[in-house]
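Undergrad: For chain A, the structure is supplied; the task is to place chain B on it using the hints.
Number of protein chains: 2
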Amino acid sequence: MSDFTATCPIPFADYPSVLMAHGGGGRLTGQLIEKLFLPAFANPFLSQQHDGALLEINGQRVAFSTDSYVVQPLFFPGGDIGALAVNGTVNDLAMCGARPLYLSAGFIIEEGLSMETLWRIVQSMSRAAEAAGVQLVTGDTKVVDKGKGDGVFVNTAGIGIVDHRLTIAPASVLPGDAVLVSGDLGRHGMAIMSVREGLQFETTIESDCAPLAAPVQALLDADIRVRCLRDLTRGGLSSALNEIADASHTRIEIDERAVPVREEVRGACEILGFDPLYVANEGRLVAFVAPDDAERALAILRAHAPGGEAAAIGFVQPGGGSRHGRVTLKSRIGVIRILDMLTGEQLPRIC
Amino acid sequence: MSDFTATCPIPFADYPSVLMAHGGGGRLTGQLIEKLFLPAFANPFLSQQHDGALLEINGQRVAFSTDSYVVQPLFFPGGDIGALAVNGTVNDLAMCGARPLYLSAGFIIEEGLSMETLWRIVQSMSRAAEAAGVQLVTGDTKVVDKGKGDGVFVNTAGIGIVDHRLTIAPASVLPGDAVLVSGDLGRHGMAIMSVREGLQFETTIESDCAPLAAPVQALLDADIRVRCLRDLTRGGLSSALNEIADASHTRIEIDERAVPVREEVRGACEILGFDPLYVANEGRLVAFVAPDDAERALAILRAHAPGGEAAAIGFVQPGGGSRHGRVTLKSRIGVIRILDMLTGEQLPRIC
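Protein chains in written order, with my numbering: chain A, 405 to 755; chain B, 405 to 755.
Just chain A, same shape as in the assembly (with noise of 0.2 Å):
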């Protein structure tokens, strides 16, 4: 036995080498984190799970996070990869509940990549930049041979500050909150799935890519007791509320007939065989507030949020023993089926 099956605590045998649902933002992403990236670097900050890491420079509570985007096509309706590695990032902050100031950027250019790609994206990425409110104050490129790369990868990472006294953490979350999504589901996956089948529907499904630092700063300036923010992106609705509920050992219950979906989304869905809630967007989130204040919060995201639709979609319940069945939805039809992790690979290469 190696060094390695020895001590790395991913099971060997099960998973010798990486997989397209490594990446997914599923289970196995999940446990590749937890029992790979946490053991190897662990210290307070991963340890909250958050969208980002909370830090704190000269008594300023600042979040600190990164993505890579490999998203194909580089294009697609809605948006473009550009677009989406700035808001992506920018909505990372957000969920910290920090505002957005400072962006990096990193390219990977595979060889042979046009320039004229290359400057559409980063003019996309100065717009996106801008419409965020945020400099992209530094950057990185790096050129590799053709067939080793996938036209271009972007990676950014940014800086926020927190200007408030709330901790906004999966753990914060109580029974009896509310749980609220600021708009329609599953555009985004629908949107780049639809453009990789060849799919054509009356109306194109547009990406919902958007930054989400204006909805949840209104939410902060009106006091609203926010206990837990997560931008839906891989996995989806569903994934996030599974990995909330088991940090804050609550359970949930969503009315799936409350969970705003497009009605061209879903015809795409049962074309595909996907389930909206397992969707990945790229410019909704949940929110998880105290109970009297879910009505004024619904209405601030409703006039803030991308999209418009928001909707409340459910509480939280006493959590009980079982990682199982934590998060429950109800039927159109009112029978109630388990929520569970996203298994397996739905949408590679979706962000």
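Just so you know, the hints here were simulated from the structure itself, not pulled from any lab data. Each hint should be verified, as a subset may be incorrect.
Copies of the same chain look alike in the list, so a pair counts if it works inside one copy or between any two.
[Said to hold, decoys possible] In the EDC-like style, the derived pairs of lysine to aspartate or glutamate whose C-alpha atoms are separated by at most 20 Å in a straight line are: (1) Lys550 with Glu515; (2) Lys552 with Glu515; (3) Lys439 with Glu520; (4) Lys439 with Glu515; (5) Lys734 with Asp659.
TA: Coordinates of chain B only, in the frame set by chain A:
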């Protein structure tokens, strides 16, 4: 003429697509930054043209930097992509005169990478972070299809704090300043190239990959008037000197006999047709210091910098009008030659 050819300031006819040399750290990388990235993201932080951005958060000066790592092979004598990714960003922060504190890590993994390889890289990052005194506080993992990546690419971004009143930047360099290097040059690049080319020497050339935060802190603690620091990565000493001479409107004169290069590195360079002054290092810096502080600074670097072979290699002179010929080298036989920026692709995928 498309919008692109009309607006993009990169000469489109000459460079319709991205070449390996655009990532090599030489003239074409400079053109990409100056003509494509800077205009798109115009702001005062980027135009510092430093190894990172200097920000101010709640009255505290903070440095922020990022780099992606695409080195091949992933493991090489003296290091691996994990150690490189930690030390590289630690060093970029140190070159801003900052004390590195926090890193993010973004992994782009090619489907099929062995879990053992990933585990070894992550363990190496953990050890490097501990050695450099930084914490890895937030991260992200993406997986791309087999054949669309190359094992693994790692991005790190970092935050450090600046606890002194100096302005350490290319523009602070003054005529008369002494030019010091912190150790022998060319080992990282030649370690990688020797492996790739299958060269065998009596002594294996080991990469100089190491953190430079401690020697920088030692210079600052001793109140050395540090004008500018630069780690000698892609493009090597020559490219760094040219960039700094350009930004400070000075000329720099180097004495080749004073530049420390190990015998085996010189030999490998001769066999492979490289000039050690253009070869990448990953644990070496050039420091510009006030003339009166040069001797003390040299003693501090000899005591604290990895390698222990720090040397004073030249002086800064008043600048002339032309950009060309700003850096000159007095060779071993007394001939003075112009030391130009790296042109074209010298060492691909070195970091």
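Undergrad: For every hint, state whether the structure bears it out.
TA: Do the hints match the structure? See the list:
Both within a single protomer and between protomers do Lys550 and Glu515 lie at most 20 Å apart by alpha-carbon distance, with minima of 5 Å and 18 Å respectively. Taking the shortest alpha-carbon separations for Lys552 and Glu515, both the intra-copy value of 9 Å and the inter-copy value of 12 Å come in at or below 20 Å. Taking the shortest alpha-carbon separations for Lys439 and Glu520, only the inter-copy value of 13 Å comes in at or below 20 Å, while the best intra-copy value is 42 Å. When the C-alpha separation of Lys439 and Glu515 is checked against a cutoff of 20 Å, the pair qualifies only between copies, where the shortest distance is 19 Å, while the shortest distance within a copy is 35 Å.
In this assembly of identical chains, the alpha carbons of Lys734 and Asp659 lie at most 20 Å apart only when taken from the same copy (5 Å versus 78 Å across copies).
In summary, this structure violates none of the numbered hints.
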